[in-house]
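Novice: Sequence:
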Amino acid sequence: MKIYKLGEEVLRKKAVPVQPEDINDSLRETFNEMFQTMLDADGVGLAAPQIGDSRRYFVIISDDDVRRVFINPQIVSTSNDLCDYDEGCLSLPGFNETIKRPSKVTVQALNENGKPFTLSADGLLARIIQHEYDHLEGIVYIDRGDPNFAADVTEKMKRRLERAAKKEAEKAKKSAKIAAKLAAKEAKKNK
Numbered sequence: 023m024k025i026y027k028l029g030e031e032v033l034r035k036k037a038v039p040v041q042p043e044d045i046n047d048s049l050r051e052t053f054n055e056m057f058q059t060m061l062d063a064d065g066v067g068l069a070a071p072q073i074g075d076s077r078r079y080f081v082i083i084s085d086d087d088v089r090r091v092f093i094n095p096q097i098v099s100t101s102n103d104l105c106d107y108d109e110g111c112l113s114l115p116g117f118n119e120t121i122k123r124p125s126k127v128t129v130q131a132l133n134e135n136g137k138p139f140t141l142s143a144d145g146l147l148a149r150i151i152q153h154e155y156d157h158l159e160g161i162v163y164i165d166r167g168d169p170n171f172a173a174d175v176t177e178k179m180k181r182r183l184e185r186a187a188k189k190e191a192e193k194a195k196k197s198a199k200i201a202a203k204l205a206a207k208e209a210k211k212n213k
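In terms of the numbering used here, the sequence shown has 170 at position 148, counting the first letter as 1, and numbering is strictly consecutive.
Don't read these hints as lab results, they were simulated from the structure. Bear in mind that the values here come from a model prediction, so they are computed numbers and not experimental data. Careful: at least some of the hints might be erroneous.
Lysine-lysine pairs mimicking BS3-like chemistry, simulated, CA-CA at most 27 Å apart [unchecked claim]:
| id | residue 1 | residue 2 |
| --- | --- | --- |
| 1 | 24 | 195 |
| 2 | 126 | 210 |
| 3 | 210 | 27 |
| 4 | 137 | 122 |
| 5 | 27 | 196 |
| 6 | 195 | 210 |
| 7 | 210 | 189 |
| 8 | 178 | 199 |
| 9 | 213 | 193 |
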């Protein structure tokens with residue numbers, strides 16, 4: 023499963039609600055794949071836009087090792103007290119910044135079976151929920167920090183994407199050349 027990187031349009035779009043009829047075995051399989059992708063990348067959360075889906079859901083695992091799915095989440099309250107924490111993101115690999123967020127949060131959502139729940143969280147769990155919720159709003163954590171750092175990271179990620187696209191184009195060109203040579207050889211052989 024591909025994790026989309028900063029610079030790809032889907033990460034800046036506000037996600038749309040998941041329709042009740044779409045909460046099915048196929049979506050639950052997507053959740054399982056997201057958990058696996060997230061764990062393989064040493065992450066603690068992954069939102070739908072990060073896998074190219076502009077719908078409102080995310081998966082998380084906090085320090086309690088409980089796998090949680092949030093569909094159509096709404097943050098209903100946050101604490102007035104804020105805390106700093108060094109954040110990173112699977113969509114911005116290699117970058118970290120200290121971000122100030124409310125230390126407590128209450129969220130309402132649907133679980134993987136479409137059942138409503140309310141969760142009050144603090145500490146790392148509250149931080150992860152807010153970080154992943156931001157993805158559903160088209161926000162990445164650097165938007166909440168130092169604007170100079172955000173500009174620098176955005177420029178570096180843009181260059182990474184350009185290099186990756188160039189590499190992919192070269193690979194496609196090489197493959198097309200090989201295919202053309204093989205086709206010419208085959209045509210010659212069949213004469």
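Novice: Hey, residue 210 versus residue 189, does the alpha-carbon distance stay inside 27 Å?
Specialist: At roughly 32 Å apart (the allowed maximum being 27 Å), residue 189 and residue 210 break the hint.
Novice: With a cut-off of 27 Å on the C-alpha distance, tell me whether residue 195 and residue 210 pass.
Specialist: Distance ~22 Å between residue 195 and residue 210 Cα, so the pair holds.
Novice: Taken at face value, is the distance from the CA of residue 27 to the CA of residue 210 at most 27 Å?
Specialist: Violated, at about 45 Å.
Novice: Is it true that the CA of residue 178 sits at most 27 Å from the CA of residue 199?
Specialist: violated, 32 Å
Novice: Check the hint pairing residue 213 with residue 193 against an upper bound of 27 Å on the C-alpha distance.
Specialist: Violated, at about 31 Å.
Novice: Residue 126 and residue 210: Cα distance at most 27 Å?
Specialist: violated, 72 Å
Novice: Compare the distance between the alpha carbons of residue 137 and residue 122 with 27 Å, and conclude whether the hinted pair is satisfied.
Specialist: violated, 31 Å
Novice: Straight-line Cα separation of residue 27 and residue 196 no greater than 27 Å?
Specialist: holds, 25 Å
Novice: For the pair supplied as a hint, residue 24 and residue 195, confirm whether the alpha-carbon distance does not exceed 27 Å.
Specialist: Status holds; Cα separation ~23 Å.
Figure legend: structure checked against the earlier numbered hints; hints not met, in rising order: 2, 3, 4, 7, 8 and 9.
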